[in-house]
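**Q** Here is how the chains run, residue by residue.
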Amino acid sequence: MTTIATPTQSAPDAKAPDYNPKSDSVVAKRVRSTIFHIVALALVAVVLYPALWMMASSFKPNSEIGGSNTSLWSANFSFDNFVTAMDGIGGVSTMQFFTNSLILAIGAVVGTILSASVSAYAFARINFPGRNIFFGMMIATLLLPFHVVIIPQYIIFQQMGLVDTYVPLLLGKFLAADAFFVFLMVQFMRNLPAELDEAARIDGAGHVRIFSSIMLPLMKPALISTSIFSFIWSWNDFLGPLLYLNTPEKYPLPLALRLFVDQTQSSDYGAMIAMSMLALLPVLVFFLIFQRYIVEGVSTQGLKG
Amino acid sequence: MISRRNFLTTIAVGTVSAAVMAGCGQPAAKTGTAENPVTINYTWWGNDDRAERTRKAIALFESKNPDIKVNGNFTDFAGYWQKRATEAAGGGLPDVMQWDLSYLRDYGQRNQLLDLSTVKIDTSNFDKSLLPSGQIRGKTYGIPTSTNAFAVYYDPAKLASLGIVEPDGTWTYKEFNAFMTEVGTKSNGALYGGGDYTSVWWMFNIWLRQNNIEAFTEDGKLGFTKDDLKKWWNLTADLRGTPAIIPEERVAQLTPKSPFGANAAATEVTWDNFMAGYLKDSGAKELKLVPVPSDDPANLGLFLKPSMLMVASAKTQYKDAAARFIDFMVNDPEVGQIFKTSRGVPASKTQRDGTTFEGTDKSVVDYEKSIEKYLKDAPEPPIVGFGTLEASFKRISSELNYGKVSIDGAVDAWFKEAEDLIKQNA
Chain A
1 MTTIATPTQS APDAKAPDYN PKSDSVVAKR VRSTIFHIVA LALVAVVLYP ALWMMASSFK
61 PNSEIGGSNT SLWSANFSFD NFVTAMDGIG GVSTMQFFTN SLILAIGAVV GTILSASVSA
121 YAFARINFPG RNIFFGMMIA TLLLPFHVVI IPQYIIFQQM GLVDTYVPLL LGKFLAADAF
181 FVFLMVQFMR NLPAELDEAA RIDGAGHVRI FSSIMLPLMK PALISTSIFS FIWSWNDFLG
241 PLLYLNTPEK YPLPLALRLF VDQTQSSDYG AMIAMSMLAL LPVLVFFLIF QRYIVEGVST
301 QGLKG
Chain B
1 MISRRNFLTT IAVGTVSAAV MAGCGQPAAK TGTAENPVTI NYTWWGNDDR AERTRKAIAL
61 FESKNPDIKV NGNFTDFAGY WQKRATEAAG GGLPDVMQWD LSYLRDYGQR NQLLDLSTVK
121 IDTSNFDKSL LPSGQIRGKT YGIPTSTNAF AVYYDPAKLA SLGIVEPDGT WTYKEFNAFM
181 TEVGTKSNGA LYGGGDYTSV WWMFNIWLRQ NNIEAFTEDG KLGFTKDDLK KWWNLTADLR
241 GTPAIIPEER VAQLTPKSPF GANAAATEVT WDNFMAGYLK DSGAKELKLV PVPSDDPANL
301 GLFLKPSMLM VASAKTQYKD AAARFIDFMV NDPEVGQIFK TSRGVPASKT QRDGTTFEGT
361 DKSVVDYEKS IEKYLKDAPE PPIVGFGTLE ASFKRISSEL NYGKVSIDGA VDAWFKEAED
421 LIKQNA
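Chains as they are written, first to last, in our numbering: chain A, 1 to 305; chain B, 1 to 426.
For reference, chain B alone in the conformation it holds in the complex (with noise of 0.2 Å):
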């Protein structure tokens, strides 16, 4: 019999055990029967579209893994990572993610997700180039799912009814400024010749690597200076302001299509996997991809990033399930069947054969494949508040276009937000 007095001393040491031995019980990675299965949260981003085809993909993973079953929720990509941030606070990330590469280093230097080194994915299939880029200091945090790559867009439509020769790809910047110019020219303003390309810093990026310049080093500061970025914005300074370069203005007003998406530019610089939303935007028929401008025809600078990654909760209690899971959503050819290429050209040897491509998605595949041989080490994870940078380039990039601040005064304030960026995240 419990006693009055002792009653209270009997409830404790009764709930202290108990958290004793739940605590014990965790570290066993659990596992499930077809009878018993064990049940794992995925979530992603993504429209109706990538909902449905994810539904499909899941469907079929539940009926070869009868012991598994996957519980799917979505929601919008800004939303998504306020609801991350959330959970990662509150120890409630789900067990498999989709990812992208400019969250990863952030979650993973926190040790909030899984290296994946550790459980038994497949990563055979895979690019050797493309593996690193999901990897930070040894450990693997993100299986690449899917590829993109940097190109530009145009609209062979328009170009004809201006009496324009399409390009081919192989240009210099100064050939693609004269391309510009002569649209911006020719329609007499009625269609601009593009946005600013060194607004983007992708093709900043890019134009880096063609100088074999490294964007950041490998303990994470900035590997080029203050000449090398004026020089890049040097290289629109003649077209700003002229019909071969959008207005900032009108681009403010065309938010949130982008100018070439609103069908008033002719060319943008962007990854390939936009694709069917430019499509969409601009109602146009057909859209053309063309490799980036350089001034060595040798080197592109180009390279294959994962357009998503799927990662894992560090806190999983379904190692085993979580990387089966992985591993089928990554290397089934009938999941590339599904998806084809609306997550990106699919980044595993197995899946990308698998997989039959048509129309839009053959034209970028086509274009990946065109540019293999130019094709470089895919960067390293991006720095911890990349985004930020990455919008601040952008800011100031537009300001320069507005007319507002001189190149040096633009390059200046750059380099004061990024090293101050990258000073309080060291």
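If we strip away everything but chain A, and leave its shape as in the complex, we get (with noise of 0.2 Å):
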């Protein structure tokens, strides 16, 4: 092996007094870094175009949003939109869109984490009998559209009364219907070490105390990713919303963005766009702050899976 090597090692040294490759190779580097930069630059702008497209817009009067009008900043500069954005619909202040949208959207990471985590538990270490039937039957969930059940969905929940309630919208996540993360919390599990739980059990922990006081505090990262996805989900929920509620006050914000534009009538694309923006800062911001956690549980459990 050191034959080989020595060679290749030596040929640079030997050719050095010739042209100084050294130096020659920084400047290589330095055009080829200049050279990915731009291209990657060029292309955050490309993706991003449609984001900065929005948020010129919002500060653009309805008339010149769209159309023949493809410059991207206006000389009409004003905050008009999101004055009107603000004013509220029908009578219903864009606060209220706000908060109904936050109360689903806790709700929602509230109940998927609770739920999720108890029934990945029990697919992960509590052998029951029929747990391999049962786990392939909530993955079989995973396969049915959601377009499939809504009608006997809604059947069910009109006949109880449950419609025009948060009911609907909120009960599947407290019962961990949402089979993606009660699979992507097995799978995590399954990668923690049996030992753990079965130093507890000598120890003298039951379920409860090994799932609490084990089993959470190690699942963290699996946690956060669930947070973030359910989150943003239930956020940017438009269907559930539609169909379930019927009082506007109760109405979430992508609800109340669809009602700045009528075809039939008149259309305020600007209000519309200064609504969405402010609806993008919860989601940004909820982002923000859990970046470094998503990325982090996306990667374990890629590499571990």
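Which chain A residues stay away from chain B? Per the calculated CB distances, all over 12 Å, these:
1) A56
2) T99
3) I106
4) R125
5) M137
6) V167
7) L175
8) P193
9) A194
10) L196
11) R209
12) L288
A few chain B residues facing chain A, derived, Cβ under 8 Å:
13) D48
14) T75
15) T86
16) G92
17) P256
18) K257
19) D281
It is worth saying that the hints were derived from the structure and are not from the lab.
Values in this document were obtained by computation on a predicted structure and should not be read as measured data.
All residues carry an ideal CB built from backbone N, CA and C; glycine is no exception.
Can you join these two chains into the complex? Each is in its own frame, and there are hints to help.
**A** Structural data, given as structure tokens:
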């Protein structure tokens, strides 16, 4: 091995006096790095252009949004759209829509975390009869498109008199109906060393103790990625609230956003875009705070799964 | 005492008899009193502005009818129909609903809507030619709140800047084409003459009526031939690809605004109640309406169409309250004063006469008055799946504009889709 390595190592040294390859490689590296960054920035510009367009348009008057106006900035810069957006719709204030969205999103996060982690513990650590069949059935629900269950689900909630409450939107979250999150946590838990709970069992801990003192703290990355996804999904959900909520006072943001655009009458694109900007903020803040964990969570799962 | 042994039987009998009693209780319509009012649900689609106006109308209704409370709610147009479809399947349609003509036959035939001729609603102030558009096979499912009519929009300021004389609305298709070409050439392509009007289904429908052909037969089949459609799409054959007609690529870029709303075209053929939307989209000071072209000056093929209807759910427990609310919404002059033309021009004469129109509202009302002598009976409610047909009409004619298909190919393609759809829904 050394015989092979020696000539390759000595080769640059031998040529060094001729044209100073070291400084050349630095220049080459710099050029390459500059090109890389330019290309990367260009790609970023392309990818982020819609966001930039949205931001710019939120300060434009309605008649200058879209259509033949292609310039990004308008001479008629104003905050009017935000004022209209904050005015609310049909007597319901915009803060009300925000509050509703927050209640639903936080409810979804709490429910999913509680229910999915407990079910995942059962699937990963307790050897109950029929475990594999139940696990398979749970995975099978992932394959069932939401649109197939809409009507049966609606009929059930309608018969129970729960339409126009948040129950239909949150009940599933508290009953671990989001198979994706249960699956994610099961996979994560299976990779935690079983010796840990065996040791705890020897010390006299039962399932409750093992779950709360050993498993939950170790599952932090999985819990955080679950929270982020379920927050964002609930925040952006349109169809669920559309079907189950009747009173405008209970509407979350995605429903309210659509009310600015009425093809049969007049559309206020400006206010809609301004409100989209505002609606984006909480998700953005939530993501920025937890982004470190989301990458961590996803990568741990990806590596070990 | 209930023993352990017959406990289950007792429960079962109890449940069954409760269910039977609940079943018996249903047919009797419930009424309320001022102390103990009934609550009906009313739902509509629309924006902030309509929500505000409807809120006022509901408050007025409640103050005049203390025995009824109205619970109002609203969504956007697209979401509205998704929600109704689910509710209809689940048996939970709201008591009273704002309705669109293109969905009337679909829900009416499936017995989801109440036959309004069985309840007390005053229709004596309605134009007799209008009411049939809310009726299917002798049953009245919808009462029109308001009407709209087809028109050609133009922006007088833009025409003046190009030095073009404003149209007076008495024109043949040839003259209309020449007008669009003039706009396109004089502006050097900065402003197109208009969209391709042959891609608009309702314009085709009007042209058929100008030629005394009904678009659909009474049994829901196509009333025109391939030759008719060929003739229609040939009307603008020479204009496609010239500055007279806006290219399809440009139309796609301008979406969601229409070419006219985006100030890219000088004219547009569409319903007259879109005035407020166009004013807002384009930022123009004033827009004008003139009648559509016709080769027969005595027959413009125009009609009033209900821009919206009021319907009630077939399963409502409060038929009487629902009927009183519908009657109030379509007939009360004060309601007209609240809505002005935001729903269209009020359909009932008492409501129309009780409303003062100004500015934009006035131009729409004046337009409908100016075409009064040309109006014919409104067509029957569109066939089931009409929305799909209308969309494919638009899609196939936009392929014509892209130059992807010949006129013959386009006609064959549309007829095949239409016949398949009619067969499917028959």
